Amino acid sequence: MSTPHDAMWEKLNLDLDAHAGLLQVLGKFYGDIYMSQTGRLKGMEYLDFVLSEVHGLRIKELQDAKAQGKKVIGTFCVFVPEEIVLAADGVQVGLCAGAEAGKDAAEKVLPRNTCALIKSFVGFKLSRLCPFIESCDLVVGETTCDGKKKAYEIFADYAPVYVMEIPQMKNACDRELWRAEVLRFKDKVEEVTGKSIMAPRLREAIRLVNDRRKVLQRLNRLRAASPVPISGRDALLINQISFYDDPVRFTEKIGHLCDELEEQVNSGKGIVPKETPRLMLSGCPMAVPNWKLPYVIESSGAVIIGEESCIGTRNIRDLVDESGESLDDLLNAIVDRYMRIDCACFTPNMERMDNIVSMARDLKADGVIHYGLSFCQPYAIEAFKVEKALKAADIPMLSIETDYSMEDVEQLKTRVEAFVEMVR
Amino acid sequence: MKENIAGIDIGSRSIELVVLNGCGPPVHQVKVPTTFDPLAQCRRLMGEVSAGRVVATGYGRKLFADFAEDMDVTTITEIQAYALGARFLFPEARTVLDIGGQDTKVISLLTNGKVGKFEMNDRCAAGTGKFLEFMATALQVPLESFGEYALGSDKRIQINSMCTVFAESEATSLMARGEKAENIAMGLHLAIVQRTLAMLRRVGMESPLVFAGGVAHNVCVRKTIEEQLEEKLLIPENPDMVGALGAALYGKGLQPGTQ
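Line order of the protein sequences matches chains D and S. Every number in the working numbering is 1166 more than the matching position in the first sequence, counting from 1. Every number in the working numbering is 66 more than the matching position in the second sequence, counting from 1.
Just so you know, the hints here were simulated from the structure itself, not pulled from any lab data. As the structure is a prediction and not an experimental result, all values here were calculated from the model. Treat the hints loosely; a few may be bogus.
Below 20 Å or equal to it, Euclidean Cα-Cα: the simulated PhoX-like pairs (lysine-lysine) are [said to hold, decoys possible]:
| hint | chain 1 | residue 1 | chain 2 | residue 2 |
| --- | --- | --- | --- | --- |
| 1 | S | Lys-289 | D | Lys-1579 |
| 2 | S | Lys-246 | D | Lys-1557 |
| 3 | D | Lys-1557 | S | Lys-183 |
| 4 | D | Lys-1554 | S | Lys-196 |
To list a few chain S residues with every Cβ distance to chain D over 10 Å, as calculated [claimed, not checked]:
| hint | residue |
| --- | --- |
| 5 | Gln-95 |
| 6 | Ala-106 |
| 7 | Glu-236 |
| 8 | Leu-266 |
Note that CB positions come from ideal geometry on N, CA and C, so glycine has one too.
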């Protein structure tokens, strides 16, 4: 079937047949998981539209921006400071890496026991399936885990890769390292875009990204209501889309959705009955279209009320201080804000335990499901500490380890249903 | 006469049906193999009884609920079914171990009988009934007497692999070295027991422990677990019926903590 975007995809050198197949599967998957929900709000239509045009209109926008001389910078991690890219008049897109397509190709250059997320971004590139990767003038990697760190060395053979070093502890010397990395990144962005970053533009960019964080914080606060006004699937989708949609438009649209949600909350209406068990997700990020576990959970009689994850609160909890005068002040504010990220790549990372417990309490969670991607050592090991912290707070936790394949869905259902029976 | 309440446990290897009426012992209980057509087996079983309400559990619970649209069917997970059944048979139980055809479950019960925590094996069937079945076939011993056979060993050898395929090649190389078949059988049983004990430790096992599920029939697994834990296990008379019994009890409104 031909589409109005075929010529654009061809120009981006996508494998057109395989790509059409991918979009078809994605469309069906979305239909089954999202469109089957009842009582969704009007504001979600925007998200449905954005997702239906994920490889279409949004890519067109990126091409138009490029034609105007703007640069597109792709990222895989919440550590990459978008403020710097925006201040240089660039466009930043989070590359998703949430599907199994391309796995065979990835396994030709990576060990099989590599996490699904890494295999996915390498696979998408090798199979020429992702128009975002193909639109990027620079792809920014980072050293959050050994798997990613080493995979970028291989990925660099196929894409313009730049790697940021992420510290592993939070001492003064680690902050120095991170500050040096932020400055090195600023230089790189200036070189790629040909623009100098000045204080006024950087301040504006900080405000813009803070505004997006604030609207997502507002969304999360509304989910503390009982009954909860929005499904976890929809909230996850909003967080996922925040990584690649135009930030100004996104913030405005989600603001409208929040207004609508607020009305629901004020009139005591929810997406599910009040007594539905409320579960919180914690752990590895779930990138588009990895909706497997949320779907299993929400078809087992529970509702998800929060995501303690990079595609969730880890990305939006902290704001950058906007008050700095000089460029140096603003850059320091960025350095400090990003150092607060509680990624499992840090040791001892006790702040993550505190954040999980207080988030579960604020959202009135009946239980927490810890989600780890197979072969993701940092989160797998930290799951034991998370369980201990939650146990001390008298909050039950179920630990799930899985990947993007569908082969374990039945076993997952049994465990999730049993957990729901347990917390009910 | 009160209304009959049925509990049906549709497992990977067998299907069990228990029918309760009032507070007495089951008025009917039966076990059949699952076969390649579990629905036909369920239909046959249900055709022999009349029940006002059915509670289905096991991996085929959804399949059953979809087929039995004309009946009043509720579904619960095996975890809850085994917790309820074991607690009913042994009110003092604090931990339940169920080794079934393709999965192993360990359930820790709170003092009020509610599920406090549980562990299940992942997607692969290592260390389950299927493993024993496969190995019994490899050693050409009937599954029913495999435990007895292993107890005829004169030394304990270690089988390191828990994967069914790898364990078989390990057993084959032991055979090629002239190792006595009974000793290999014992090694295979010990491998299951070690894995089970690790799961028990993960949930923070407390005594007494109920051992249920089809593998509880195996005398060697029972004996070695008791030996390693240095305590007596509580084993139901019909260990594979516990899930179906728990399901039927759920149907009676006997929820955990309200007994």
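For each hint, the structure was consulted:
Distance check on the hinted pair: Lys-289 of chain S and Lys-1579 of chain D sit about 33 Å apart at the alpha-carbon level, beyond 20 Å; violated. Restraint check for Lys-246 of chain S and Lys-1557 of chain D: not satisfied, since their Cα atoms lie roughly 48 Å apart, outside the 20 Å limit. With a C-alpha separation of about 11 Å, the suggested pair Lys-1557 of chain D and Lys-183 of chain S falls inside the 20 Å cut-off, and the hint holds. Distance hint between Lys-1554 of chain D and Lys-196 of chain S is unfulfilled; the C-alpha atoms sit about 34 Å from each other, more than 20 Å.
With a cut of 10 Å on Cβ distances, Gln-95 of chain S stays outside the contact zone with chain D, its closest approach being about 23 Å. With a least beta-carbon separation of about 20 Å from chain D, Ala-106 of chain S lies farther than 10 Å from that chain, consistent with its non-interface assignment. For Glu-236 of chain S, the requirement that its beta carbon stay farther than 10 Å from each beta carbon of chain D is met, with the minimum near 21 Å. Non-interface status of Leu-266 of chain S relative to chain D is upheld: no Cβ of that chain comes within 10 Å, the nearest being about 17 Å off.
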